[in-house]
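**Student:** Use these hints to put chain B onto chain A, whose structure you have.
The chain contents come next:
Protein chains: 2
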Amino acid sequence: MKVTLIGTGNVAFHLAAAISKSSCPLVEIIGRNAAEGKAIAELTGSRFRPLGSDFSATDLILVAVSDDSVEEIMNRLPGEVPAAHTAGAVSLINRMTGTSGVFYPLQTFSKTSAVDWDGIPVLTESHDDVLLASLRDLAEALGARPRQTNTEERLRLHCAAVLVNNMTNHLYAAAEELLEKKNLPFALLHPLMRETVAKAMRMSPTDAQTGPAKRGDAQTVNRHLQLLAEHPETAVLYAILSKHITRKHNG
Amino acid sequence: MKVTLIGTGNVAFHLAAAISKSSCPLVEIIGRNAAEGKAIAELTGSRFRPLGSDFSATDLILVAVSDDSVEEIMNRLPGEVPAAHTAGAVSLINRMTGTSGVFYPLQTFSKTSAVDWDGIPVLTESHDDVLLASLRDLAEALGARPRQTNTEERLRLHCAAVLVNNMTNHLYAAAEELLEKKNLPFALLHPLMRETVAKAMRMSPTDAQTGPAKRGDAQTVNRHLQLLAEHPETAVLYAILSKHITRKHNG
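Just so you know, the protein sequences line up as chains A and B, in that order.
In terms of this note's numbering, the first sequence opens at residue 10 and continues consecutively.
In terms of this note's numbering, the second sequence opens at residue 10 and continues consecutively.
Chain A extracted, bound-state conformation (with noise of 0.2 Å):
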């Protein structure tokens, strides 16, 4: 299966990364961005042509593009080629002519950072039967995990995704400026960071809530509070969190 993939963003980049090293041909990387879109290329032994161009036989068009450019990018392809956009917030598209789907990888992508597609879930959708299969096949062919869902369930799992991954980096951030601040290695929270994450994944998250908010003691809240003086932005997202956390496991 020929693929060819429209986007130089995160998503684009690793995308065109894996598809190049697995069974399925790359055929082009296609953008409005030459600069990113030249560098992608060369970084996986592809060729970019400008948004405009015309398009090289294919069998797969891939559309990795910002969210509000997904329909209009999708109304512009050639009728014959099924296309596939990997927006998790986008509904599916119903092109004028040409069958479409999603293929969602939810993993988290930043063009610095390599990323390892081994069961990596990829949320395909489709009303067109052959095209799923394609978008199944793709997946596995880059070592993910396909799974078919419908529109509103991939709402929810991008919503959960945001959450446990954009919601929970921010405070990672917090806390690195908070230690920064006095010059305490970030590094001192590796340990506890991994353990958080691997024991949500062995037992139920709400079970594995340990703390002083849990726990009740507003001592030890109010302690931190004033800590956080200095850090205003932070101390607002640890009051209304620990409160949060009071509620649920002594509501």
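I should point out that these hints are in silico values taken from the structure, not numbers from a laboratory.
One or more hints might be untrue.
Just so you know, same-sequence chains aren't split out, so a pair can sit in one copy or run between any two.
Capping the alpha-carbon separation at 30 Å, the derived lysine-lysine pairs in BS3-like fashion look like this [what the hints assert, rightly or not]:
no., residue 1, residue 2
1, 120, 30
2, 120, 190
3, 191, 252
4, 190, 30
5, 252, 120
6, 223, 11
7, 257, 191
8, 11, 47
9, 223, 120
10, 47, 30
11, 257, 11
12, 47, 252
13, 47, 120
14, 11, 30
15, 252, 190
16, 223, 47
17, 11, 120
18, 47, 191
19, 191, 30
20, 190, 223
All figures in this text were calculated on a predicted structure; none of them were measured in a lab.
**Tutor:** Chain B in isolation, oriented as in the chain A frame:
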């Protein structure tokens, strides 16, 4: 170095387990809760004695009790034996007689979840150099990594630990609840959770930030908030964290 342990909670349990496997003999476990204390003693091949009993000969007393009991207990101990408490947020105690210290393992402890002590930072503190050396030796005997701090640094690290453990774990629980509502397995998020923490350790979490709030993608944020209408507490957390992330990265 013979060690006596006071306490029957999560930290006491895991300390008893680790000490009993180390080169330091665990003399006895002392506590208020006889049922828990006897269970820990049995699991660790040690013996339990109720609080108020005479102490058997020992070189160090570790006080692993709830934060608001630390000071009272520390002041009831035999003055000739050095003692250290394990609470992250409690200041160094000035005992009426005897030297005192702190032995705070920067880790999360649940009785139902095994702990790997290898490389865990143990924050030590004392005005007494001999006790400080004993605390360092004990940490090393457990396979942990001792680090001398003062009370202020320790409180800061404890607060940062709450952010990266208690608060992130609460977000995991919120995500689990969101998925369970529609019978979607929480395990679908495991690869993302693993990668989130791995990435935040490989690079700065500020640089690792991704997602709709960082991109300033209000449409996706709003779609998630609509979905969260049935989970109002999670909606509040989602909204405030999104606002902070957007402000930090686009401010």
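**Student:** Against each hint, give a clear statement of whether it holds in the structure.
**Tutor:** Hints and how they fare:
For a Cα distance limit of 30 Å, the shortest separation of residue 120 from residue 30 inside one copy, 17 Å, qualifies, whereas the shortest one across copies, 44 Å, does not. In this assembly of identical chains, the alpha carbons of residue 120 and residue 190 lie at most 30 Å apart only when taken from the same copy (28 Å versus 34 Å across copies). Both within a single protomer and between protomers do residue 191 and residue 252 lie at most 30 Å apart by alpha-carbon distance, with minima of 27 Å and 26 Å respectively. Proximity of residue 190 and residue 30 under a CA criterion of 30 Å is satisfied in neither setting, with 43 Å inside one chain copy and 38 Å between copies.
In this assembly of identical chains, residue 252 and residue 120 lie within 30 Å of each other by CA distance solely across copies; the values are 24 Å between and 37 Å within a copy. For the identical chains of this complex, residue 223 and residue 11 are neighbours neither inside a copy (53 Å) nor across copies (33 Å), given an alpha-carbon limit of 30 Å. In this assembly of identical chains, residue 257 and residue 191 lie within 30 Å of each other by CA distance solely across copies; the values are 21 Å between and 33 Å within a copy. Taking the shortest Cα distances, residue 11 and residue 47 sit within 30 Å of each other inside one copy (20 Å), while across copies they are farther apart (66 Å).
In this assembly of identical chains, residue 223 and residue 120 lie within 30 Å of each other by CA distance solely across copies; the values are 15 Å between and 38 Å within a copy. Proximity of residue 47 and residue 30 under a CA criterion of 30 Å is satisfied intra-copy only: 18 Å inside one chain copy versus 57 Å between copies. With identical chains, the CA atoms of residue 257 and residue 11 are never at most 30 Å apart, being 51 Å at best within one copy and 41 Å at best between copies. Taking identical chains as interchangeable, the C-alpha atoms of residue 47 and residue 252 are never at most 30 Å apart, the minima being 49 Å within one chain and 34 Å between chains.
Within a single copy, residue 47 and residue 120 get their C-alpha atoms as close as 14 Å, which meets the 30 Å cut-off; across copies the closest is 54 Å, which misses it. With identical chains, the CA atoms of residue 11 and residue 30 are at most 30 Å apart within one copy only, with a shortest distance of 13 Å there and 57 Å across copies. For the homomeric pair residue 252 and residue 190, the shortest alpha-carbon distances inside one copy (26 Å) and between copies (23 Å) are both at most 30 Å. Taking the closest pair of Cα atoms, residue 223 and residue 47 come within 30 Å of each other only across two copies (25 Å); inside a single copy the shortest separation is 51 Å, beyond that limit.
For the homomeric pair residue 11 and residue 120, the shortest alpha-carbon distance inside one copy (24 Å) is at most 30 Å, but the shortest distance between copies (52 Å) is not. Taking the shortest Cα distances, residue 47 and residue 191 never come within 30 Å of each other, neither inside one copy (42 Å) nor across copies (42 Å). Within a single copy, residue 191 and residue 30 get their C-alpha atoms no closer than 44 Å, and across copies no closer than 36 Å, so neither meets the 30 Å cut-off. Taking CA atoms no more than 30 Å apart as the test, residue 190 paired with residue 223 passes in both settings, with 27 Å inside one copy and 23 Å between copies.
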